[in-house]
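*Asks:* Read top to bottom, the protein sequences are chains H and Y.
Just so you know, we're using UniProt numbering here: the first sequence kicks off at 1 and counts up by one.
Just so you know, we're using UniProt numbering here: the second sequence kicks off at 1 and counts up by one.
One or more hints might be untrue.
Quick list of the computed label-pair ranges, beta carbon to beta carbon [what the hints assert, rightly or not]:
1. Asp278(Y) - Pro61(H): 39 to 45 Å
2. Pro244(H) - Ala245(Y): 33 to 39 Å
3. Ala245(Y) - Asp47(H): 31 to 37 Å
4. Thr56(Y) - Thr127(H): 31 to 37 Å
5. Glu329(Y) - Arg329(H): 49 to 55 Å
6. Lys183(Y) - Gln43(H): 39 to 45 Å
7. Glu334(Y) - Thr226(H): 41 to 47 Å
8. Tyr288(H) - Ala324(Y): 50 to 56 Å
These are computed hints drawn from the structure, not numbers from a lab.
Being a predicted model, the structure only gives us computed values, none of them experimental.
Here a beta-carbon is modelled for each residue, glycine too, at the ideal position from N, C-alpha and C.
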Amino acid sequence: MDAMPRELSYSQAIQEAMAIAMEADSRVFLMGEDIGVYGGAFQVTGDLVERFGPDRVMDTPISELGGAGVAVGAAMTGMRPIFEFQFSDFATLAMEQIVNQAAKMRFMLGGEVSVPVVMRFPAGSGTGAAAQHSQSLEAWLGHVPGLKVIQPATPHDAKGMLLAAVADPDPIMIFEHKLLYKMKGPVPEGHYTVPIGKAEIRREGADLTIVATSIMVHKAMEAAETLAAEGIDVEVVDLRTIRPMDKDTVIASVKKTSRLLCVYEAVKTLGIGAEVSAMIAESEAFDYLDAPIVRLGGAETPIPYNPELEKSAVPQTPDIIAAARGLVRGQR
Amino acid sequence: MATARKLADEQQTNLPFAYRHYSQEQLKDVLRKMYLIRRFEEGAEDSYMRGLIHGTMHLSIGQEASAMGICMPLTEQDQITSTHRGHGHCIAKGADVKRMFAEFFGKTTGYCKGRGGSMHIADVSMGNLGANGIVAGGIPIAVGAALSAKRMKTGKVVISFFGDGANNEGAFHEALNMAAIWKLPVIFVCENNGYGMSTSTARSTAVKNIADRAAAYSMPGVIVNGNIFSEVAEAAHAAVERARAGEGPTLIESKTYRYRGHSKSDRNRYRTKEEIDDWISNRDPIALFENELKEFGLIDDKGIEDIREAVRVEIEAGIEFAKASPSPEAADLEQFVYTEMA
Numbered sequence: 001m002d003a004m005p006r007e008l009s010y011s012q013a014i015q016e017a018m019a020i021a022m023e024a025d026s027r028v029f030l031m032g033e034d035i036g037v038y039g040g041a042f043q044v045t046g047d048l049v050e051r052f053g054p055d056r057v058m059d060t061p062i063s064e065l066g067g068a069g070v071a072v073g074a075a076m077t078g079m080r081p082i083f084e085f086q087f088s089d090f091a092t093l094a095m096e097q098i099v100n101q102a103a104k105m106r107f108m109l110g111g112e113v114s115v116p117v118v119m120r121f122p123a124g125s126g127t128g129a130a131a132q133h134s135q136s137l138e139a140w141l142g143h144v145p146g147l148k149v150i151q152p153a154t155p156h157d158a159k160g161m162l163l164a165a166v167a168d169p170d171p172i173m174i175f176e177h178k179l180l181y182k183m184k185g186p187v188p189e190g191h192y193t194v195p196i197g198k199a200e201i202r203r204e205g206a207d208l209t210i211v212a213t214s215i216m217v218h219k220a221m222e223a224a225e226t227l228a229a230e231g232i233d234v235e236v237v238d239l240r241t242i243r244p245m246d247k248d249t250v251i252a253s254v255k256k257t258s259r260l261l262c263v264y265e266a267v268k269t270l271g272i273g274a275e276v277s278a279m280i281a282e283s284e285a286f287d288y289l290d291a292p293i294v295r296l297g298g299a300e301t302p303i304p305y306n307p308e309l310e311k312s313a314v315p316q317t318p319d320i321i322a323a324a325r326g327l328v329r330g331q332r
Numbered sequence: 001m002a003t004a005r006k007l008a009d010e011q012q013t014n015l016p017f018a019y020r021h022y023s024q025e026q027l028k029d030v031l032r033k034m035y036l037i038r039r040f041e042e043g044a045e046d047s048y049m050r051g052l053i054h055g056t057m058h059l060s061i062g063q064e065a066s067a068m069g070i071c072m073p074l075t076e077q078d079q080i081t082s083t084h085r086g087h088g089h090c091i092a093k094g095a096d097v098k099r100m101f102a103e104f105f106g107k108t109t110g111y112c113k114g115r116g117g118s119m120h121i122a123d124v125s126m127g128n129l130g131a132n133g134i135v136a137g138g139i140p141i142a143v144g145a146a147l148s149a150k151r152m153k154t155g156k157v158v159i160s161f162f163g164d165g166a167n168n169e170g171a172f173h174e175a176l177n178m179a180a181i182w183k184l185p186v187i188f189v190c191e192n193n194g195y196g197m198s199t200s201t202a203r204s205t206a207v208k209n210i211a212d213r214a215a216a217y218s219m220p221g222v223i224v225n226g227n228i229f230s231e232v233a234e235a236a237h238a239a240v241e242r243a244r245a246g247e248g249p250t251l252i253e254s255k256t257y258r259y260r261g262h263s264k265s266d267r268n269r270y271r272t273k274e275e276i277d278d279w280i281s282n283r284d285p286i287a288l289f290e291n292e293l294k295e296f297g298l299i300d301d302k303g304i305e306d307i308r309e310a311v312r313v314e315i316e317a318g319i320e321f322a323k324a325s326p327s328p329e330a331a332d333l334e335q336f337v338y339t340e341m342a
């Protein structure tokens, strides 16, 4: 009899990946605010400090810019830091080191150094933390050549992509939606990697492609169930990496279904949906489109505090269902 | 000369630090490198004027003793981070002016293969982790390099060079604090040339001396006359010793002056001609060092002339090497953005 596949939460999967990476390689260490005895603001590092000690699970002062710079400098000189931002919003405090230094160092120095740093960003809304603790800033960093930006949507991918990130010689930015941390899913034991730069087809379908990122993958899957009952056969593509984007998988899917809906939590304009849409418009898949491309993204507002307003500021499953119906049946 | 030698013998123990600590050959090489820095920058400036190179550059002419004094106690394995005004640091840390000129000319033989230019010049093989176009950008990076040294037990010491302008950036304060709490082998060297672009330290900085900031981070703050090689070297030795012993960071403020403007477009409207002339005529670091060497009988006029000539030849050869080197191919534009996977 087959054993039930082991399930871990998304945050446990990340913690396990970090432990495996630290066990395997003495250069790997963790840095961040309150990641030691406190266990991290979202308990992702948990008790790792007890196992690896405070030198490898390093609490930093509340100094995002300086801390990110220390991680960059350590990475340039032989270490493999994994730097946790307490909230992805605090990337704004460290943009100098991320954008000017980490991303460009290898290029500016003609390939003489590499910057194998991993930065983890707890992102997204839904926790009642209001405007400065709920943003989705992944597209900001996705705009910067030299960075790789990933958004694992499942515990399986969170572990496998983090292990791929630690092994990667270039700076990797991981955006982890906070509402996913408690989500459980099957996670293999031991070391495995999920490639950076490869999208995953979560559900095959014939009528419509939904390209979604992070938590929106799950909402898209939920929507697809409802839509299936109505006879609309949805293909869900989990983008997983926004830079470098897996164009081939998206193009092939759109050629198959002839309809594209992009769903992402970040502010709609100038975002990932614009990039995916433009990429399709520029590709051979354009000729296959039977309907205009539709984007569902966050509202053009900061994330509000009131829970009902907060929900209405980002796409929800009914919004996806409605948009999909419109696309397939021409009711817009 | 005879009188000078006699003086040197009699007062050996009272001589300034550098003359007790270094051999005659080492001291002559310091003079050679100070000339190399100055002539390199003059050569770069001249090449720019003649339209041979484009972009911009920030010259450190007048600050040569600072770069040399700080780098004297370092080994090849020790590391530095540098600034937009970093040519002196690069040469002091052992770079070849041929490859520096090639970088200025944007050639593939340059240290950054033509991708970085003046503001990002680096020589990783000699421990120079790079100049930096962002004021204070290199300071946290130096702390990170020092963290690597401590964790990997390499025994390396890291120097972070920056200017007076950087002392009002948040990165400076965050980095000093972390270096202090973790007792890292890093030395913060503020080359205070009096002006952050056009704004004087008096107008920009609440403390009289930037070294006073060290107290806030429980580390020694040392002020040196940055135009006197021996003074700078003495402070650097003490700080390096302290860092290697695991006692943590030091902040050195090296008070100096740049003769040229902030960059190529500077009209010098924020300072007087008299002030500039005073520094050039009375406090030039190379002249001061030469005079000491002569006074202590370590070099004569012929020796100085030989050094100048050797430097002239080296600079000329460097410029010729750069001119003759190939430019990168446009097809290679995206090279080095990411690590090429085998």
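*Asks:* For the pair Asp278(Y) and Pro61(H), does the Cβ-Cβ distance stay inside 39 to 45 Å?
*Replies:* 43 Å, holds
*Asks:* That 49 to 55 Å hint for Glu329(Y) and Arg329(H) (C-beta), does it hold up?
*Replies:* This hint holds: roughly 53 Å between Cβ atoms.
*Asks:* With respect to the beta-carbon atoms only, verify the hint that Ala245(Y) and Asp47(H) lie 31 to 37 Å apart.
*Replies:* 35 Å, holds
*Asks:* How does the Cβ-Cβ distance of Thr56(Y) and Thr127(H) compare with 31 to 37 Å: does it lie in that range?
*Replies:* 46 Å, violated
*Asks:* CB of Glu334(Y) to CB of Thr226(H), is that within 41 to 47 Å?
*Replies:* 44 Å, holds
*Asks:* Does the hinted range 39 to 45 Å hold for Lys183(Y) and Gln43(H) at CB?
*Replies:* 30 Å, violated
*Asks:* May I ask you to test the hint 33 to 39 Å on the CB atoms belonging to Pro244(H) and Ala245(Y)?
*Replies:* Since the Cβ atoms of Pro244(H) and Ala245(Y) sit about 46 Å apart, the hinted range of 33 to 39 Å is violated.
*Asks:* Quick check: does the Cβ-Cβ distance between Tyr288(H) and Ala324(Y) fall within 50 to 56 Å?
*Replies:* With Cβ atoms ~54 Å apart, the hint holds.
Violated hints for the displayed structure, listed by number in ascending order: 2, 4, 6.
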